[in-house]
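Number of protein chains: 2
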Amino acid sequence: MRITIIGSGNVATHMAAAFKNAGHRIIQVYSRQIQHAAMLAYHVGAEATDDLEAIFPDTDIFIISIKDDAIAGMVEALIKHQKLIVHTSGATGLSTVRAFTDYAGVLYPLQTFSKSKEVDFFTVPLCIEGADESITKLLKELAATISNNVYVVSSADRKILHLAAVFACNFPNYLYGIAQQLLADHGMDFNMLRPLIMETAQKVQTQLPALVQTGPAVRNDRVTMDAHLQLLSNQPQLQEIYTLLSQAIIKNNNEPHRDK
Amino acid sequence: MRITIIGSGNVATHMAAAFKNAGHRIIQVYSRQIQHAAMLAYHVGAEATDDLEAIFPDTDIFIISIKDDAIAGMVEALIKHQKLIVHTSGATGLSTVRAFTDYAGVLYPLQTFSKSKEVDFFTVPLCIEGADESITKLLKELAATISNNVYVVSSADRKILHLAAVFACNFPNYLYGIAQQLLADHGMDFNMLRPLIMETAQKVQTQLPALVQTGPAVRNDRVTMDAHLQLLSNQPQLQEIYTLLSQAIIKNNNEPHRDK
Chain A
14 MRITIIGSGN VATHMAAAFK NAGHRIIQVY SRQIQHAAML AYHVGAEATD
64 DLEAIFPDTD IFIISIKDDA IAGMVEALIK HQKLIVHTSG ATGLSTVRAF
114 TDYAGVLYPL QTFSKSKEVD FFTVPLCIEG ADESITKLLK ELAATISNNV
164 YVVSSADRKI LHLAAVFACN FPNYLYGIAQ QLLADHGMDF NMLRPLIMET
214 AQKVQTQLPA LVQTGPAVRN DRVTMDAHLQ LLSNQPQLQE IYTLLSQAII
264 KNNNEPHRDK
Chain B
14 MRITIIGSGN VATHMAAAFK NAGHRIIQVY SRQIQHAAML AYHVGAEATD
64 DLEAIFPDTD IFIISIKDDA IAGMVEALIK HQKLIVHTSG ATGLSTVRAF
114 TDYAGVLYPL QTFSKSKEVD FFTVPLCIEG ADESITKLLK ELAATISNNV
164 YVVSSADRKI LHLAAVFACN FPNYLYGIAQ QLLADHGMDF NMLRPLIMET
214 AQKVQTQLPA LVQTGPAVRN DRVTMDAHLQ LLSNQPQLQE IYTLLSQAII
264 KNNNEPHRDK
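Protein sequences, first through last, are from chains A and B. Per the working numbering: the first sequence = residues 14 to 273. Per the working numbering: the second sequence = residues 14 to 273.
Since the hints were derived computationally from the structure, they do not count as laboratory data. Watch out, some of these pointers could steer you wrong.
For chains that are exact copies, the list does not tell them apart, and a pair is met inside one copy or across any two.
Derived EDC-like pairs: lysine to aspartate or glutamate, alpha-carbon spacing no greater than 20 Å straight-line [what the hints assert, rightly or not]:
#1 K33 / D73
#2 K33 / D81
#3 K80 / D234
#4 K128 / D198
#5 K128 / E212
#6 K80 / D145
#7 K153 / D82
#8 K80 / D239
#9 K264 / D198
#10 K33 / D170
#11 K264 / E253
#12 K153 / E60
#13 K150 / D81
#14 K153 / D202
#15 K93 / E146
#16 K33 / D71
#17 K33 / D133
#18 K33 / D145
#19 K96 / D64
#20 K80 / D64
Note that the structure is a prediction, hence the values are computed from the model and not measured.
The following block holds chain A by itself, in its conformation from the complex (with noise of 0.2 Å):
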């Protein structure tokens, strides 16, 4: 297919090289900021703007990869080419597509993107939904081009997912940061909880994460959670979180087969 690539952010770097991977032509890529677009368009094979009147009508899909609350003005902007029109967003509903136009449809990446990581995109889950059924299966032969994780999900489910992967991935991530900042003021080295971090994800990729939870919350090991409280007597916000979660952890605990 021929594909513009609205936007120059992580999401579209990567979708739009998996697209190039998969033998579609990236058409254009347009950026509010020439020079994103420009190193984009590059790396795709592309032609790169930043004026939305030199958008080439002559395109099969326009894929607008931009921020939540700029998607409707883009969209109403790229109405007059009467072409396909998707957003990539996991908080905005197709609603917001479909209240200009009819050809609309979501091709939402569930995953977390830096630009300097390489990701395979075959593993990355993507969900998409159309406005009718043709539509649904269009994305959903284009989406088969570059991912081996299709699914088929709603507006709604997908508010759902994206509030799930803030849990899965954002919270996470800076729990992470919380560890590595603890080691560092004592002059340790990241490297030494590395493995511990990977090993806890790697667990869940085949158990459910409540049957393999560990720690001294889930034990309720009230000695060890006062003496952790005590080392972050200094740091209050981070004895909130201990104390919040530790909480939740030990008001969770009800499972009868727990792996501890």
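Got chain A sorted already, so can you dock chain B onto it with the hints?
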């Protein structure tokens, strides 16, 4: 070396197997529950006992891997054999053994173990501490037979590591569980989130967590955060966790070269 394992939990099980595989001889496994001792002893070709009086004096090292609050009592019961005594606890000082004997050490594996999942012990960071230089040297050599990541760590630093491990492992696993439950409540498969969890852990294997933080909080995207809190409106505990962690991320987001 001839090794006696005191305990039959996850750490005892994985460490005993690692020593056995490295060519050491596991003499005996003690557990208060004879069937647990027997199962582990069977796997590592050792004798099993649940009787403190039946512990063989003819060994080189007692490795105590039992509940923290039971360690001191166990050391007291073992000192008469006048052999090296180490424990495997992150939260317990060397002093707990040293209160009874100078022939004391610590062998703390910084990893999360489940009986149901194999671990490559050579990747497990092993933190050792000896009561004197010669014990430290001996433990370093012993640890190096089962791990490629041996660190000499003081009791004070080990307590920090243990605390950091709660943030790097126990709390993230609990958050994975929240995500899994959110999906289950809406009939969605946890497999949709598993690649995201792996990638999040993988990212910090080469980069610092603060530099790869993503999500609505680090962007200070209030609209998305409000929408997420709305989705959690009948789960006040999850709202509280969401709010506290998001506020902490916003507050700590003053890193200039952040990769969003």
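Check each numbered hint against the structure and report the violated ones by number, ascending.
Hints 2, 4, 6, 7, 10, 12, 13, 15 and 18 are the ones this structure does not satisfy, whereas the remaining hints hold.
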